[in-house]
Amino acid sequence: MKQEAVILNPRDNVATALCNLKAGNILQVRVGERKLEIKLRAQVPFGHKLSLAQMAPGSPIIKYGEVIGTSTETIQLGDYVHVHNVASARGRGDLAKVMK
Amino acid sequence: MSFQGYRRQDGSVGIRNYVGIISTVSCANDVTWWISQEVKGSVPFVHGQGCAQTRPDLDQVTRTLISLGWNPNLAGVLIVSLGCESVLADQIAAGIAKSGKPVEMVVIQKVGGAKAAVTQGSSLAQAMVAKASKLRREEFADSELVLGVKCGASDTTSGLAANPAAGATCDLLIDNGGTCIFGETTEFIGAEHILVRRAATHQVAEKIMNVVARTEKRAIAMGFDMRGGQPTTGNIAGGLTTIEEKSLGAIVKGGSRPIQEVYEYGERPQGKGLFIVDTPGREPEFLTALAAAGAQVIVFTTGLGAPQGFPFIPVIKVTANPATYERLPDHLDMLVSLSEHTDFAETGHVLYQEIIEVASGKQTKAEILNYGNFPNIFTIGPVI
Chain A
175 MKQEAVILNP RDNVATALCN LKAGNILQVR VGERKLEIKL RAQVPFGHKL
225 SLAQMAPGSP IIKYGEVIGT STETIQLGDY VHVHNVASAR GRGDLAKVMK
Chain B
66 MSFQGYRRQD GSVGIRNYVG IISTVSCAND VTWWISQEVK GSVPFVHGQG
116 CAQTRPDLDQ VTRTLISLGW NPNLAGVLIV SLGCESVLAD QIAAGIAKSG
166 KPVEMVVIQK VGGAKAAVTQ GSSLAQAMVA KASKLRREEF ADSELVLGVK
216 CGASDTTSGL AANPAAGATC DLLIDNGGTC IFGETTEFIG AEHILVRRAA
266 THQVAEKIMN VVARTEKRAI AMGFDMRGGQ PTTGNIAGGL TTIEEKSLGA
316 IVKGGSRPIQ EVYEYGERPQ GKGLFIVDTP GREPEFLTAL AAAGAQVIVF
366 TTGLGAPQGF PFIPVIKVTA NPATYERLPD HLDMLVSLSE HTDFAETGHV
416 LYQEIIEVAS GKQTKAEILN YGNFPNIFTI GPVI
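As you go down the protein sequences, you meet chains A and B in turn. This note's numbering numbers the first residue of the first sequence as 175 and each following residue consecutively. This note's numbering numbers the first residue of the second sequence as 66 and each following residue consecutively.
One or more of the hints may lead you astray.
Partner residues are not named here, just some residues of chain B that face chain A (Cβ under 8 Å, in silico) [said to hold, decoys possible]:
#: 1; residue: T221
#: 2; residue: I254
#: 3; residue: I285
#: 4; residue: F289
#: 5; residue: D290
#: 6; residue: R292
#: 7; residue: G299
#: 8; residue: G303
#: 9; residue: T307
#: 10; residue: I308
#: 11; residue: E326
#: 12; residue: D408
#: 13; residue: A410
#: 14; residue: H414
#: 15; residue: G446
#: 16; residue: V448
Straight line, CA to CA, 25 Å or less: simulated DMTMM-like cross-link-like pairs of lysine to aspartate or glutamate [what the hints assert, rightly or not]:
#: 17; chain 1: A; residue 1: K176; chain 2: B; residue 2: D124
#: 18; chain 1: A; residue 1: K209; chain 2: B; residue 2: D408
#: 19; chain 1: A; residue 1: K176; chain 2: B; residue 2: E405
Since the hints were made in silico from the structure, they are not lab data. No residue lacks a Cβ here, since even glycine has one placed at the ideal position from N, Cα and C.
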């Protein structure tokens with residue numbers, strides 16, 4: 175069977191889609207020793223990310239076993255994870271402006 | 066392993082044998098371009114800098130132009146100067162001549178304008194091409210190779226497979242005694258802690274932290290979230306959400322060996338091994354930095370399909386996005402498989418073979434297309 179998503183590190187809380195995935199699709203993924211069944215809550219295009227866990231706002235998003243950003247709202251298992259619900263912590267001139 | 070290259074007087078080895086027509090200032094670009102079009106075997110280097118800039122930038126442009134002239138893929142250099150620019154054409158010519166290769170100069174304001182400069186410059190370039198063409202390729206060990214690595218128009222496949230393949234190739238070349246150069250400091254942001262662990266000395270670790278902080282500070286100084294600029298709009302469309310994610314995928318293209326030194330833009334690394342050149346990631350400026358650093362060949366990974374080559378450096382385009390590979394056959398040289406089971410050591414070997422072939426004369430897609438004639442030089446300060 176064609177692999178539908180890839181998880182790069184057992185610590186990751188997002189997976190990367192290896193094909194265009196539709197809302198309602200059920201994915202079987204393996205995170206380290208754990209097996210997860212995920213029902214997608216939204217469409218996830220090829221190369222984009224989906225959530226492997228429920229996350230409160232302000233949670234670290236982990237890919238490659240490293241923090242890639244912070245959730246800006248509640249993210250459910252199976253949600254599409256991208257710029258609409260993740261902020262970067264770096265290069266934030268906008269925040270520096272507020273601090274002034 | 067060995068390849069067929071051209072021996073240069075300074076001990077370096079070229080894999081192409083061009084006469085470089087190098088413009089000192091944007092005002093000399095047209096003449097530079099016309100000469101390069103008239104003389105087969107010559108290549109242009111045009112850019113947007115060289116005048117009405119502050120001292121640090123003028124020094125950076127001068128240093129970069131001299132280093133470009135030293136690139137082993139050039140057999141000789143013709144400098145094209147307007148005459149009144151801020152950078153000193155004589156200083157640039159003298160700096161290149163120290164490499165031992167022939168250097169000539171034409172000054173547009175002195176010889177009577179563009180037409181006269183093209184006529185005189187073309188004659189000089191023709192003579193240099195005639196002489197260079199007598200040189201024959203010889204066999205050299207792969208330890209003479211200087212490989213530049215770059216990623217551009219990235220999507221998530223770049224970090225998942227194309228960059229790890231490039232990284233495996235870098236490791237192979239370093240282990241064989243060769244040299245690899247990477248950079249794109251903006252794309253260290255969020256991954257610098259990993260690079261620092263690989264620094265050969267404490268000083269190198271400190272330099273890595275410093276160049277990343279300097280780059281991030283420049284972006285922050287503009288007062289905006291840099292997202293959209295980095296990651297670019299295209300990166301975001303390709304699934305990259307933050308600069309941290311882009312960086313973590315980007316740094317793997319430099320492999321896993323110790324980082325020997327960090328150089329400023331336009332500097333030429335000394336010795337062998339893995340080096341960083343501090344430069345932003347944008348193609349016109351970054352490919353120039355690799356050429357100035359002495360790279361004879363560049364591996365360029367892409368997700369969405371970046372077309373750029375460089376006037377005198379073969380650029381090998383590698384993607385792990387099968388749709389991009391199918392859609393852009395004119396641009397892409399190699400497809401890397403994308404799955405959990407991809408063996409990057411094996412992919413690295415395949416890419417290494419390709420580098421050896423290209424080094425010995427095989428043309429890349431970007432060379433065949435003649436794409437990439439409009440590079441630039443990175444500058445920091447304002448145009449004044």
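Results for each hint:
1. T221: 4 Å, holds
2. I254: 5 Å, holds
3. I285: 4 Å, holds
4. F289: Hint on F289 (chain B): holds, closest Cβ of chain A at ~5 Å, below 8 Å.
5. D290: This hint holds: D290 (chain B) lies near chain A, its Cβ roughly 4 Å from the closest one there, short of 8 Å.
6. R292: Since the shortest Cβ distance to chain A is 6 Å, the answer is holds.
7. G299: 12 Å, violated
8. G303: 6 Å, holds
9. T307: 4 Å, holds
10. I308: 5 Å, holds
11. E326: For E326 (chain B), the interface hint is violated, since the closest Cβ of chain A sits about 25 Å away, which is over 8 Å.
12. D408: Not OK, violated: D408 (chain B) not within 8 Å of chain A, min 15 Å.
13. A410: 17 Å, violated
14. H414: 22 Å, violated
15. G446: Violated. Min distance 19 Å.
16. V448: This interface hint is violated because 22 Å lies over the 8 Å limit.
17. A:K176 / B:D124: 54 Å, violated
18. A:K209 / B:D408: Holds - the C-alpha atoms of D408 (chain B) and K209 (chain A) are around 24 Å apart, at most 25 Å.
19. A:K176 / B:E405: Holds, because 11 Å separates the two Cα atoms, which is no more than 25 Å.
Hint compliance for this structure: hints 7, 11, 12, 13, 14, 15, 16 and 17 are broken, all remaining hints hold.
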